[in-house]
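Student: Take a look at the letters that make up each chain.
There are 2 protein chains.
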Amino acid sequence: MNAEHLVDVIRGDNVESEHWGHIAVVNSEGKLLYSKGNPNRVTFARSSMKPLQAIPIVETGAADHYQFNQADLSLACASHNGENQHTDRVKTILSRLGLGTDDLKCGTHPPRWTEAYEALIIAGKEITPEYNNCSGKHSGMLTTAIHMGESLEDYYKTDHPVQKRIMEVISDISETPLNEIEIGIDGCGVPVHGIPLKNLALSFAKMAKPISFPEKRKNAIEQVTAAMMAAPEMVGGTNRFCSDFMRIEDGRMFGKAGAEGVYCIGDLETGLGIAIKIEDGNGRATSPVAVEVLKQLDLLNEKQIKLLHDYHYPKLKNARQEVVGQLSPIFSLKNA
Amino acid sequence: MNAEHLVDVIRGDNVESEHWGHIAVVNSEGKLLYSKGNPNRVTFARSSMKPLQAIPIVETGAADHYQFNQADLSLACASHNGENQHTDRVKTILSRLGLGTDDLKCGTHPPRWTEAYEALIIAGKEITPEYNNCSGKHSGMLTTAIHMGESLEDYYKTDHPVQKRIMEVISDISETPLNEIEIGIDGCGVPVHGIPLKNLALSFAKMAKPISFPEKRKNAIEQVTAAMMAAPEMVGGTNRFCSDFMRIEDGRMFGKAGAEGVYCIGDLETGLGIAIKIEDGNGRATSPVAVEVLKQLDLLNEKQIKLLHDYHYPKLKNARQEVVGQLSPIFSLKNA
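Chains A and B, in that order, are what the protein sequence lines are. Taking the working numbering, the leading residue of the first sequence gets 42, the next gets one more, and so forth. Taking the working numbering, the leading residue of the second sequence gets 42, the next gets one more, and so forth.
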């Protein structure tokens, strides 16, 4: 799909592997400022869409009614580690709804956070849905459904009002007609949305500078992005790029990873939106590309670049914990 | 590196990601018969080199002296799951040497086999080196070192006789001058070897049909490849492509995966060698490419292709265990 060479994987003195991909940098008026590869590539946003998927929780009044604080709303945008700080909060949200973790339809997978996984095994407990990295999003969907008096057992299906409301939000913010949004099924069972990469970047630009929206939507967007930046530990967790990146950004930028090599960032100060897709789907290449784009756009200062060094140039270590290589971004953004 | 498009990752009706890469098909006289991408791409063979790395165990007489059976020799070529069948055998080999698992210098990582990992955690045991997928190879290296009266604590270093012996074997079989072999450090601390992809294919072709070698080397090669095919469960383990592929091959072909998207096959009947490198390093694309190459070369019958279907077109499942997509090979081999 006309990808360009973005990252080298270096072992010893040799390039062992290469990651190619696509970048779109767009302003909030929809002007494509910089690109690599094909900015029109139709891309499943996967979990990078979660900040948009969280907007109806606020817009419907569900967030207010069920007393969502910033950490709750941030968790609704999360692909979390399954640490206690995440799973405890999911259970708290569900208990406010009068629901339990069995009501989550996201399925189960072992928690990403090894300590949480090992604690479950030692306790002889089965892996329950709150450990799914998407359980915050699903809790948010349940919150909206219960607040609107909608059915709860099928909230994950494409034709449920919860999902239709999300589709309308995505169509509006990304400026993509409803019938042009490609639909697949995500790792957690809900619809995923495929739109051109530049429209994904535009979504983040417009969320960063939501001046074109009616007051209610503008307010909901601002609440979501403020929540992510105020409680970045909810969005990913310990040693996760999303969390560490937003922790050092001082409330200026919000970023969200998506499976299969997607990363999106919105910058409140410039109103820029950035969308990245690694063509081969490997998430290891996203943080080097993201930090490099921010560096080239002069959106990070020296100190921040230094703090993000291990995400910018991730080390390859072997089982003896020796450094045997690293990932290196190798591209220059060109004007679109 | 002039890769070509080999595999689509499909979600719903859309291509979500693409894998590009390189293929070389060579006969045992070194003629490049088919290729995709760049057959001259210098490629770290990683664990695909293990069958060659096992040859000195036989050639030095160590295998005979320490009573290696076919399963032991196959395990020396393994990237195993860390199942009991693997770790018990590693410990048995080491006990014959009068050594223990602490003598393995491969470092540790959690066993790939979930049951083994969970059993360790429940027992409160630390992860010891025999669970490293390379512990069979390291046991083989120790066997050679002890048999030759060489030092044991540094057998993994590039200038140790064990590694120099392996370098000579690789140079000979791959027809690559010693000073042209690129060296890096592998995930388990020993040298990895970078050679052009077509030389990697040639190595497997010449191992499949080792007629050009002196009797001693020919015999060692035949013992190694026969061992892999006689005890394929040692090479990977349960639900692993290498093992399942060799299990249905009836002693005709041997195959070995390497990290960062490498796969190599030798066919005893035709003397063909096949080497595959996925440019982005993602191992998920290797089995679709390998099975498709074998199908296009007419090296598999209908029944075998059917048995390998889930490796040829791997399904993508979500956390709800629903099938949401699949990988599909999309290339046609062309004459080189």
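One thing to keep in mind: the hints can contain errors.
You can't tell identical chains apart in this list, so a pair holds if it fits in one copy or across any two.
Said to hold, decoys possible - With a Cα cut of at most 27 Å, we get these calculated BS3-like pairs of lysine-lysine:
hint, residue 1, residue 2
1, 257, 336
2, 257, 358
3, 166, 250
4, 347, 358
5, 344, 358
6, 347, 166
7, 205, 250
8, 257, 375
9, 356, 198
10, 259, 356
11, 72, 358
12, 205, 257
13, 358, 166
14, 132, 344
15, 166, 257
These aren't lab readings, by the way, just hints derived from the structure by calculation.
Student: A separate judgement is required for each hint: does it hold in the structure or not?
Tutor: Consistency of the hints with the structure:
{"no.": "1", "hint": "257 x 336", "verdict": "neither (34 Å within a copy, 58 Å between copies)"}
{"no.": "2", "hint": "257 x 358", "verdict": "neither (48 Å within a copy, 38 Å between copies)"}
{"no.": "3", "hint": "166 x 250", "verdict": "neither (45 Å within a copy, 53 Å between copies)"}
{"no.": "4", "hint": "347 x 358", "verdict": "within (20 Å within a copy, 38 Å between copies)"}
{"no.": "5", "hint": "344 x 358", "verdict": "within (25 Å within a copy, 42 Å between copies)"}
{"no.": "6", "hint": "347 x 166", "verdict": "neither (41 Å within a copy, 38 Å between copies)"}
{"no.": "7", "hint": "205 x 250", "verdict": "within (24 Å within a copy, 62 Å between copies)"}
{"no.": "8", "hint": "257 x 375", "verdict": "neither (37 Å within a copy, 59 Å between copies)"}
{"no.": "9", "hint": "356 x 198", "verdict": "between (40 Å within a copy, 21 Å between copies)"}
{"no.": "10", "hint": "259 x 356", "verdict": "neither (40 Å within a copy, 41 Å between copies)"}
{"no.": "11", "hint": "72 x 358", "verdict": "neither (41 Å within a copy, 37 Å between copies)"}
{"no.": "12", "hint": "205 x 257", "verdict": "within (18 Å within a copy, 71 Å between copies)"}
{"no.": "13", "hint": "358 x 166", "verdict": "between (32 Å within a copy, 23 Å between copies)"}
{"no.": "14", "hint": "132 x 344", "verdict": "neither (38 Å within a copy, 50 Å between copies)"}
{"no.": "15", "hint": "166 x 257", "verdict": "neither (43 Å within a copy, 56 Å between copies)"}
Going through the hint list in order, the structure does not satisfy hints 1, 2, 3, 6, 8, 10, 11, 14 and 15.
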